[in-house]
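In the order they appear, the protein sequences are chains A and B.
Numbering (the numbering used here) for the first sequence: 1331 to 1566.
Numbering (the numbering used here) for the second sequence: 1331 to 1566.
Hints in this document: simulated from the structure, not taken from any laboratory.
Cβ atoms here follow ideal geometry from the backbone N, Cα and C, with glycine treated the same way.
Among the hints, a few may not be true.
Unchecked claim - Once the Cα atoms are required to be at most 25 Å apart in a straight line, the calculated SDA-like pairs of lysine to any residue come out as:
{"hint": "1", "chain 1": "B", "residue 1": "1416", "chain 2": "A", "residue 2": "1459"}
{"hint": "2", "chain 1": "A", "residue 1": "1416", "chain 2": "B", "residue 2": "1503"}
{"hint": "3", "chain 1": "B", "residue 1": "1416", "chain 2": "A", "residue 2": "1414"}
{"hint": "4", "chain 1": "B", "residue 1": "1443", "chain 2": "A", "residue 2": "1431"}
{"hint": "5", "chain 1": "B", "residue 1": "1443", "chain 2": "A", "residue 2": "1358"}
{"hint": "6", "chain 1": "B", "residue 1": "1443", "chain 2": "A", "residue 2": "1355"}
{"hint": "7", "chain 1": "B", "residue 1": "1416", "chain 2": "A", "residue 2": "1333"}
{"hint": "8", "chain 1": "A", "residue 1": "1416", "chain 2": "B", "residue 2": "1511"}
{"hint": "9", "chain 1": "B", "residue 1": "1416", "chain 2": "A", "residue 2": "1524"}
{"hint": "10", "chain 1": "B", "residue 1": "1416", "chain 2": "A", "residue 2": "1417"}
{"hint": "11", "chain 1": "A", "residue 1": "1416", "chain 2": "B", "residue 2": "1553"}
{"hint": "12", "chain 1": "A", "residue 1": "1431", "chain 2": "B", "residue 2": "1511"}
{"hint": "13", "chain 1": "A", "residue 1": "1416", "chain 2": "B", "residue 2": "1534"}
{"hint": "14", "chain 1": "A", "residue 1": "1431", "chain 2": "B", "residue 2": "1552"}
{"hint": "15", "chain 1": "A", "residue 1": "1416", "chain 2": "B", "residue 2": "1415"}
{"hint": "16", "chain 1": "A", "residue 1": "1416", "chain 2": "B", "residue 2": "1448"}
{"hint": "17", "chain 1": "A", "residue 1": "1431", "chain 2": "B", "residue 2": "1508"}
{"hint": "18", "chain 1": "B", "residue 1": "1443", "chain 2": "A", "residue 2": "1332"}
{"hint": "19", "chain 1": "B", "residue 1": "1416", "chain 2": "A", "residue 2": "1431"}
{"hint": "20", "chain 1": "A", "residue 1": "1431", "chain 2": "B", "residue 2": "1448"}
{"hint": "21", "chain 1": "A", "residue 1": "1416", "chain 2": "B", "residue 2": "1443"}
{"hint": "22", "chain 1": "B", "residue 1": "1443", "chain 2": "A", "residue 2": "1524"}
{"hint": "23", "chain 1": "A", "residue 1": "1416", "chain 2": "B", "residue 2": "1331"}
{"hint": "24", "chain 1": "B", "residue 1": "1416", "chain 2": "A", "residue 2": "1458"}
What the hints assert, rightly or not - Taking CB as the label site, the calculated pair distances span:
{"hint": "25", "chain 1": "B", "residue 1": "1452", "chain 2": "A", "residue 2": "1480", "range": "26 to 32 Å"}
{"hint": "26", "chain 1": "B", "residue 1": "1398", "chain 2": "A", "residue 2": "1529", "range": "50 to 56 Å"}
{"hint": "27", "chain 1": "A", "residue 1": "1440", "chain 2": "B", "residue 2": "1344", "range": "29 to 35 Å"}
{"hint": "28", "chain 1": "B", "residue 1": "1530", "chain 2": "A", "residue 2": "1376", "range": "31 to 37 Å"}
{"hint": "29", "chain 1": "B", "residue 1": "1452", "chain 2": "A", "residue 2": "1455", "range": "51 to 57 Å"}
2 protein chains.
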Amino acid sequence: MNLLLLKPDQITQQSATVSGRQFDHLLTVQRAQVGDSVRIGVIDGPMGQGIIKALGSEQATLEITLDSPPPPAIPLRLILALPRPKMLRRTLQSITAMGVKEIYLVNSSRVEKSFWQSPFLQPEALEEQMILGLEQARDTQMPNLHLRKRFKPFVEDELGNIAKGSQALVAHPVTEVPCPINCDSAVTLAIGPEGGFIPYEIELLSSIGFQSVHLGPRILRVEVAVPALISRLFPA
Amino acid sequence: MNLLLLKPDQITQQSATVSGRQFDHLLTVQRAQVGDSVRIGVIDGPMGQGIIKALGSEQATLEITLDSPPPPAIPLRLILALPRPKMLRRTLQSITAMGVKEIYLVNSSRVEKSFWQSPFLQPEALEEQMILGLEQARDTQMPNLHLRKRFKPFVEDELGNIAKGSQALVAHPVTEVPCPINCDSAVTLAIGPEGGFIPYEIELLSSIGFQSVHLGPRILRVEVAVPALISRLFPA
């Protein structure tokens, strides 16, 4: 936790109250003492400093100053085939930590149906992972996360508008075109499941203007490909 | 497993024998049948195709053709503060999958002493993770992995020679210099532990010519920072 990310209801004027996971982290990991200063931020708001005024047995009270903006979002709309549950949480944290603000988790032929039943897809569980990603990266802007359980209608009815005004790319090993480097404009990037999109899905994406691009001769797992692709498109 | 990576002792002339983990994977994950063709490679050797000639209860026999070279290594010498054991395996797999061939796992003030006691540091355990990384990426060249339990003598007596003829960089959030993009020459990159190198360590690295570079305003976990840094330096 490199940033203590507060919800608006934790704040009253210049003071904030911290309990639960964040309080435990302050105490056990950061070993915070009264008088210590910690980096804070408000969800979808500014960042600043908090000075610990009181440490109880279950909560801490901080005097807060909010004086700086969060880091800029990266101009990427990410379309990601739903990863298997154990990967989903880590991947969602990573994507959030890297500054992506528009995330679509979509179905694909090679996504196992059971993945959609995972408890990790509950809204609170998804929000928790994104909050952990923001706290890790020192950001406050929550991503907009969308779930789309049907690939074809999503691509045919929605994706064209989502990608409008951006460079539309799909990561696909079977192409001669390398993924662009250091883009200066918005990108919509589709990333398939382990095993990749099936040819029909690539054709459908191509039919609405998605260009297949590769990441080099090596096949990378989603958890590695995602940071590698984002960092290559937007080195920041 | 995108590549069946064989050890030389599995091969006799044009034929190879597969058992254990690889055999189980062929059967249960790839559901291979006699006559199927699978991508193969020989550790530190060429890649090609294997046709399954016989499937026993515990082993498979393949007729092999080795006709293509592995993908080129990326010209990166990676100096990585030893990650915590649960991260080490995944990170080592990722680094290997991305094509790094010179890896130094080193101590640092913020590396917990207990990490060095991990069973995952046994040579066989480390080799297994690198083989998994190569099989994932479709590569055959095993990385050279070195463990250095003492930071100061490593930097003072060894690192200068390791970095010779390369651009020496240390990932450090507290600098104004961004990490270079798309390098055309060799790089030696040092990456600290969670929490980063301590100032003394940065000074020591700087004293032998390491330039501190940052990855942007966000603080990334090692498992995300490593692919992001490698992909940025060598987009491939």
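| So which of the earlier hints does this model not fit? | Of the numbered hints given earlier, those the structure breaks are 2, 4, 8, 13, 19, 20, 21, 22, 25, 26, 29, listed in rising order.
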